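Add chains L and C to chain U, keeping to what the hints say.
Protein chains in written order, with this note's numbering: chain U, 164 to 510; chain L, 5 to 328; chain C, 3 to 360.
None of these hints come from the bench; they were simulated from the model.
Small disclaimer: the values here were computed from a predicted structure and weren't measured.
Don't be surprised by glycine CBs; every beta carbon is placed ideally from N, CA and C.
Some clues are possibly wrong.
Claimed, not checked - Quick list of in silico lysine-lysine cross-link-like pairs, DSBU-like style, CA-CA up to 30 Å:
1. K57/C - K379/U
2. K379/U - K177/C
3. K229/U - K160/C
4. K442/U - K177/C
5. K160/C - K480/U
6. K333/U - K317/U
7. K418/U - K160/C
8. K420/U - K57/C
9. K418/U - K364/U
10. K418/U - K57/C
11. K437/U - K177/C
12. K379/U - K160/C
13. K442/U - K57/C
14. K263/U - K160/C
15. K177/C - K418/U
16. K177/C - K420/U
17. K236/U - K160/C
18. K160/C - K442/U
19. K437/U - K57/C
20. K236/U - K208/U
21. K333/U - K177/C
22. K57/C - K333/U
23. K229/U - K204/U
24. K208/U - K160/C
25. K160/C - K437/U
Stated by the list, open to error - These stretches of chain L come out as covered by chain U in the derived footprint (C-beta under 8 Å, 3 or more residues):
26. 25-36
27. 136-142
28. 279-288
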Amino acid sequence: MKRTAAALAALLLLGLSATACAEDGDDSGGGDGGAKSNTIKSGLKIAFLPKQVNNPYFTTAGNGGKTAVGEFKGTYSETGPSEASASSQVSYINTLSQQKTDVIVVSANDKDAICGALNEARQAGTKVVTYDSDTKPDCRDLFVNQATAEGIAKSQIKLISDAVGPDGGKIAILSATANATNQNAWIEMMKTELAKPEYSKLQLVATVYGDDDDQKSFTEAQGLLAKYPDLKGIISPTTVGVAAAGRYLSGSAYKGKVALTGLGTPNQMRAFVKDGTCKAFALWNPADLGYLAAYAAGALASGMISGKEGEKFTAGKLGEFTVGKNGEVLLGEPFTFNASNIDQFNF
Amino acid sequence: MRRSYAWDLGIIVALVLFVAVAGQTIEGVGSPRFWRFVILEVIPVALIALPLALVVITGEIDLSVASVLGLTCTVLGQLWAWGVSSLPLLIVLCLLLGAALGAVNGVFVTVFGLPSLAVTIGTLALYRGLAYVVLGDRAVANYPTTWTRNAIAAIPGLTIPWMILVVVAVAVILGVILHATPIGRGLYAIGNNAEASAFAGISVARTKFWLFVLTGAMSALAGVFWTFRFASARADNATGLELAAVAAVLLGGVSIFGGRGGLVGVLAAVVLLATLRNALQLADVPANALTIVTGSLLIASVVGPNVATQARDALRRRRARTAT
Amino acid sequence: MTALAERPGDTRTRGRVVAQRFFVVRELGIGLALLLLIVITALVNPRFLAAQSIKDLLLGSTILAILATGQAIVVITRNVDLSVGSVLGLSAFAVGTLFVSAPGTPIPVALAMGVALGAACGAVNGLLIAAARVPALVVTLGTLYVFRGIDYTWATGKQVNAADMPAGFLRMGTKAVLGVPVLALFAVVVLVFAGYYLRAFRSGRELYAIGSEPAAARLNGIPVGRRIFGAFVVSGALAGFAGVLYAARFGTLDANAGINSELNVVAAVVVGGVAIFGGSGSVYGAALGAVLLTTIGAALPVLGVSPFWQRAAVGALILAAIGLDRILMARVGERLRVIGGRSVAENAPNQRKGARRA
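Excised from the complex, chain U in its bound form (with noise of 0.2 Å):
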C-alpha cells in the first residue's frame, strides 16, 4: 500500500518537473541541442505496428500513439498480424515502406526475423522506431521501452514473492512467444533476481509459452497445474496470458491455493483481483508508451534527434526524455495495480 503510493507520488512528481522543465524548453526558443529543428515537422505519416492487432493492450498503446500524432498535426495509421507472428509483420513493413510512411513505429516478435525488412525500410526513407519490443539495434534507429528489464523483473519477482508467502515453494513462467525479445530479456532478468538469497526459497521450474493466444495460454496454465500439482506460483508477464491463467484458476480448485502475479491490464484483471486469485499485479500505462513512442518518432522524422545517446526530446504531457545507450528511451518504472487502486483505471 504504502510502496504503491511512494511510486505514484514519485510517478507525479517526475511529471510535474519534467513539465516544468518541458515549459523552460518552449520559452527559450530555438536554442537547444546545436543546429537542430526545434518543432516536429507536421504533416508526418507514422504508422504503429504491434506485435498483433486484436490485443487490447496494443489497441490502449495504439490510442496513446495517435493522440500525440494528432497534437503534432501528423497523420496516424495502425496496422499489422492478427496472430503474433514475425513473417507476417514483414509483408505489412514492406507495405508501409511502399506507402512512403515517415516513421514506422513497431513491435518486434522476433529480433532478427524482421531486420532485412526494416533495413530495407530504412535505405528507402523511412525511419524505424521500435517500442515494447525491440529488433536487434542496427535495424532501428529509437528503441522506446516502457521500463528496464531489472525494473520489471525485480517488480515481478516481489509480488510472486510477496504473495507465495515466506515459506516459499515452485513457481512457473507463463510467457507469449518463444522469440519475443522484451519477454526473453525480462525472464532473464527474473532468473537473476530469483538467484538473490531472499528470494532462495522460491524454484523456477517450468517456462511454457502461450503465444499471446488466449485459448493456449489458458491451455499451458491448465498444463502447468496439471504436471506440478505442487505449484505455489505462476508469473505470466503478458496481458494476454495473466488473464487466461486468471480465468483459469478462478474457476478451478486452485483458486486462491496457487498465486498469480504478471503484467495484465486493469480491466481484465479486475474480476480476479476482487474475487482473490490474484492478489496484484504490475503494468505501465500503454497508452503513455504509445504516446512517447509517437513524439520519439516525430523527433526522429523532423530530424530534432538521431537516436545517439544524450540527446534530448520533449513528449508533449509526458515532459522530456534523453536517449540512453543503444539509443533506448525509458518510459519510467512498472506500476502496480492491486484491490485497493484498480477502480481508478480504465484500460
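Frame of chain U; chains L and C shown alone:
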C-alpha cells in the same frame, strides 16, 4: 485441352487489367519496388504450386506441402545450429529430406492404396509436429548476412529477385514435360481414367510416386528460400501455405477432378493472387479482407465451370427436346 | 444342409452382422486405447485422475467432440467440412458481441443464435456442394477463408473480454454437476441425438448409403442432394453450437477463436473409425476419437514426453487409423463376398425354380 488455354489467357488478362486499373487508383502499384515484393511472395508459392498442379492433374492432392516446408526450415536451422556451415551441403540435405518426405506420401498412396486427401492430411500434421519436435518454440535466426542478402538479391539492373529465374526454369521444364512429352500426356490420361491408363501401359503407381517425391523436393527448396528470406527458421514457418498453393492451382484452371489444366494458368494465378494481396494492402484494405477475396476466388474458380457446364447441358437437353 | 436353409434375407442379415461387428470392434478398440492411456498415465502420476484434472479433460474434449460429431455426419457421406473452425470462431464472437451489447440476454437465446448462425454457414456450404456439384474439399477450403475473413473484418482490433460477459454464462462454462461439467453434458446429449438419428431414421441411414456409393444411392431414389445439404447444415449448426460453448468456456474472444482446429477435428473423426472414404463409422467413435486426442495432449506432459510430440502423434494416429481402416475394410469386403458366394451356391437350385431375389 483447348478450354484450359482459354482459362490461362483469362487469368493473364485479369492480371493485366487489375494492374492497369490498380496502378491508376492505388499509389505504389506497378512500381519496381512493388514488383519486388510481389515476386518475393510468389517464389515459394510458385515452387510449390507448379509440381502440385501436376499432382492434381493426375487426380491426387498433396496438402502436406507447407509442413514439408516447415520441417525443412527447422532441420536447416538445427543443422546450422549444430555447426554445419557449408551452404551447398545444407541445400542438398534439405532437398533430400523433402524428397524423402514426399516419398512417404507416395508410398502411402501408391503402395498402400490410401486416398491422398486423407494421407496428406495425416502427413500435414505429422511433419508439422516433427518440425516442433526439432526446434520446439525456438527460432534459429543467426545466419550469415551474406546468405540472407543473397537469397533475396535482385537481378543486376532490376529490383526483381534472382530466384524468380529458378522458378521460371522450373516452370519451363515442367511445362515442356507436361505439354510436349508422352509423360505429360500420360499425366492427363491418369487424371482422366487411371484404370484405362494402366491398361494402356502407363505405370500409374510409379508416375504418381515420383510426382509426390518431386513435390516434396520443391517444397523443401521453398523452405530453404523461406528460411533465408525471413532470416528465421521456426516450426510454424509457412503454416497454412498449402491452402494458398491449392487456391493458386485451382484458380489456375487445373480441375480438382484431374485430367485438365496447364502450368501457365497456375503461374499466372500465383502472380495474380500475390499482386491482389499486395495491391489491396497498399490501399489499406486490411489483410483479413484479403482472405475473403482469396476464398471467394477459390470457390468461384471451381463453381463457375461446374455451373457453366450444368447450364450448358440443361440448355442442350432443352434444345434436343424442342428439336424433336 | 437343405437348399432352403439360406435365403437372401439371411445373407443380408449375416452381412450386416459382420459389418456391425466390425464397427463395434473399431469403437471398442478406441475405447480400449483410451483406457490404456489413462491407466498408464495414472500409474505414472496418480493426480492425473484427480477431480480437477478429469474435469479439465472433459471440458477440453467437449468442444472437439461436438465438432467431431458434426464432421462425422459429413464424412459419412464421403465429404469433408474444413470450415468448422471458422464457423466456430464466427459464432463465438457473435455470441460474445451479443452479450456485451445486451447483457440481459437469456442463455437459450444465445445458444439458439449461435446454432442458427452456424446452420446458415453450413447451408452456404451445402448449397455450393449439392447444387453446384463441387467437391466438398474445395468449397469448404474456400469458405474456411471466407468465414474467417468475415470474422476478422468484424473483429479486428476488438476483443470480447471475459470481464464483460455475464457471470452466469461464464459459470456455465466451468460448472459441474456431480463432477461432470455442464458443457460435457451438452456434448453427450448432442451425441446421443445424433447417434440415434443416424441409426434409427431412414434419412440417417441413407447418409451411409450415399457415402458408400453415391451413384447407386441416387439410382435407388435417395435424394442425394438434399441429404448432403442437410448434412452440411447440421455440421454448421453443431459448429455454431460449439462456438457458443467456446465462448462460455474461454470468455475472452478475438478473431482467432477456433483457428486451425479443422485438423484436429478431422483427426478425431478419422481416428474414431469414420472412414474418410465414407459409408461407415459412427458419431460415438468420432466422439471417442476426440476424447482420445485430448487425453493424449493432457497425458504427454504428465508422462514427461515433450508436449511438442503431440502434433506428430496426431499425424501418426491419422495415418495409422486410415491404414487400419483400409485393412479392415478389405477384410470385411472379403468376408461379405464369401458369405454372398456361399449363399449363391446354396441357393442355386432355388434360382432354377425361378424364384426372384431382390
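For each hint, the structure was consulted:
1. K57/C - K379/U: holds, 18 Å
2. K379/U - K177/C: This hinted pair holds, its Cα atoms lying about 21 Å apart.
3. K229/U - K160/C: Roughly 17 Å between the alpha carbons, so the hint for K229/U and K160/C holds.
4. K442/U - K177/C: The given pair, whose Cα atoms are some 24 Å apart, holds under the 30 Å limit.
5. K160/C - K480/U: holds, 28 Å
6. K333/U - K317/U: Status holds; Cα separation ~18 Å.
7. K418/U - K160/C: Within the cut-off at roughly 29 Å; holds.
8. K420/U - K57/C: Roughly 18 Å separates the two Cα atoms, so the pair holds.
9. K418/U - K364/U: holds, 22 Å
10. K418/U - K57/C: holds, 15 Å
11. K437/U - K177/C: Judged against 30 Å, a Cα distance of about 20 Å means the pair holds.
12. K379/U - K160/C: Given that 30 Å is the threshold and the Cα spacing comes to 19 Å, the pair holds.
13. K442/U - K57/C: Judged against 30 Å, a Cα distance of about 26 Å means the pair holds.
14. K263/U - K160/C: holds, 28 Å
15. K177/C - K418/U: holds, 14 Å
16. K177/C - K420/U: Given pair K177/C, K420/U holds - Cα atoms ~19 Å apart, limit 30 Å.
17. K236/U - K160/C: holds, 26 Å
18. K160/C - K442/U: holds, 27 Å
19. K437/U - K57/C: holds, 25 Å
20. K236/U - K208/U: Holds - the C-alpha atoms of K208/U and K236/U are around 10 Å apart, at most 30 Å.
21. K333/U - K177/C: holds, 28 Å
22. K57/C - K333/U: holds, 24 Å
23. K229/U - K204/U: holds, 16 Å
24. K208/U - K160/C: holds, 24 Å
25. K160/C - K437/U: Given pair K160/C, K437/U holds - Cα atoms ~25 Å apart, limit 30 Å.
26. 25-36: holds (count 3)
27. 136-142: holds (count 3)
28. 279-288: holds (count 4)
Of the hints listed earlier, there is not a single one the structure fails to meet.
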